[in-house]
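First to last, the sequence lines map onto chains A and B. Take 12 as the starting number for the first sequence in my numbering and just add one per residue. Take 12 as the starting number for the second sequence in my numbering and just add one per residue.
Hints in this document: simulated from the structure, not taken from any laboratory. A quick note: this is a predicted structure, and the numbers were derived from the prediction, not measured. Positions of the beta carbon are idealized from the N, C-alpha and C atoms, including for glycine. Be aware that one or more of the hints could be misleading.
[To be verified] Simulated DEER-style distance windows between Cβ atoms: (1) Ala13(B) / Gln15(A): 25 to 33 angstroms; (2) Asn145(B) / Leu46(A): 46 to 54 angstroms; (3) Arg34(B) / Glu124(A): 19 to 27 angstroms; (4) Gln15(A) / Pro122(B): 22 to 30 angstroms; (5) His116(A) / Gly45(B): 28 to 36 angstroms.
[What the hints assert, rightly or not] Below, computed lysine-lysine pairings styled on PhoX-like, alpha-carbon distance capped at 25 angstroms: (6) Lys79(A) / Lys101(B); (7) Lys79(A) / Lys148(A); (8) Lys135(B) / Lys79(B); (9) Lys101(B) / Lys135(A); (10) Lys148(A) / Lys135(A); (11) Lys51(A) / Lys51(B).
2 protein chains.
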Amino acid sequence: MATQQFHAHARLQDGVKVAVQARQFSITIDEPEGLGGTDKGMNPVELLLGSLAACQSIVARVYAEQFKVQLDDFQVEVVGDIDLDGFFGKSGVRPGYSDIRYNFHIQSPSPQERINRFIDHLQKVCPVGDTLANTVKLALNNVVMNRQAA
Amino acid sequence: MATQQFHAHARLQDGVKVAVQARQFSITIDEPEGLGGTDKGMNPVELLLGSLAACQSIVARVYAEQFKVQLDDFQVEVVGDIDLDGFFGKSGVRPGYSDIRYNFHIQSPSPQERINRFIDHLQKVCPVGDTLANTVKLALNNVVMNRQAA
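Let's have the full structure, built from the sequences with the hints guiding it.
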């Protein structure tokens with residue numbers, strides 16, 4: 012077993028703005044005005060797609076050599092569908108993504124056969140892809156209450 | 012139907028550094044040195060946890076009024092377990108997160124009963140939480156090849 016733990020932290024700011032941290036890194040998350048925010052950053056569901064695209068890119072770099080693929084450029088476009096009626100409780104549909112599709116843009120002189128095997132492999136071992144395509148045991152561990160006045 | 016599409020884009024930089032974009036926003040993603048990177052940003056699996064924590068925070072803000080909960084402070088800590096043997100192909104374990112746990116830190120004078128109902132609801136309607144806890148139809152749409160020399 013080589014189980015490793017990863018961590019993140021979020022703190023709600025004014026409105027729907029959120030300060031997200033992981034180790035020494037910080038990101039501001041917000042919603043566009045059409046979704047009730049002030050548009051100071053990506054929103055969480057865009058960040059989720061960004062996490063997938065970044066993960067696929069890193070997996071591509073890590074495995075290119077093993078599959079003898081020369082990567083002159085590697086880009087990912089991701090698009091996902093959410094029925095917002097789920098979040099707003101207007102219907103019984105799920106609140107999250109039903110479908111996520113991606114395109115790879117690859118600049119490489121390597122044979123197509125190798126590239127095809129490389130793409131198959133990177134999809135199989137991508138940690139974020141696996142997390143999204145399959146179920147995760149998601150659990151509330153604890154609620155820490157502070158009753159003091161702000 | 013109120014299906015909305017969200018988008019993200021990633022482009023591999025030097026090493027395992029990745030430039031992630033959604034609309035006008037950019038984030039640098041990297042791996043820590045222990046995982047082969049130069050530690051210039053969160054890594055993708057941290058970003059995924061950050062996306063969950065941000066989403067829960069925004070859902071909290073959006074629904075606090077309806078549940079008559081006064082939110083003086085709302086924070087989320089998330090931790091997730093990945094067996095890295097999956098990614099490195101050393102065993103048959105899945106490459107993604109098996110478990111993700113979170114703690115809510117809430118500063119509020121509102122009655123505990125209301126806060127409990129509020130917490131139940133926010134977990135049910137959180138788009139990223141739903142996306143992670145359940146399966147998503149994840150699909151490669153297209154591979155665009157460029158054969159020109161870099």
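Going back to the hint list, which numbers does this structure go against? Hints 1, 2, 3, 4 and 7 not satisfied by this model.
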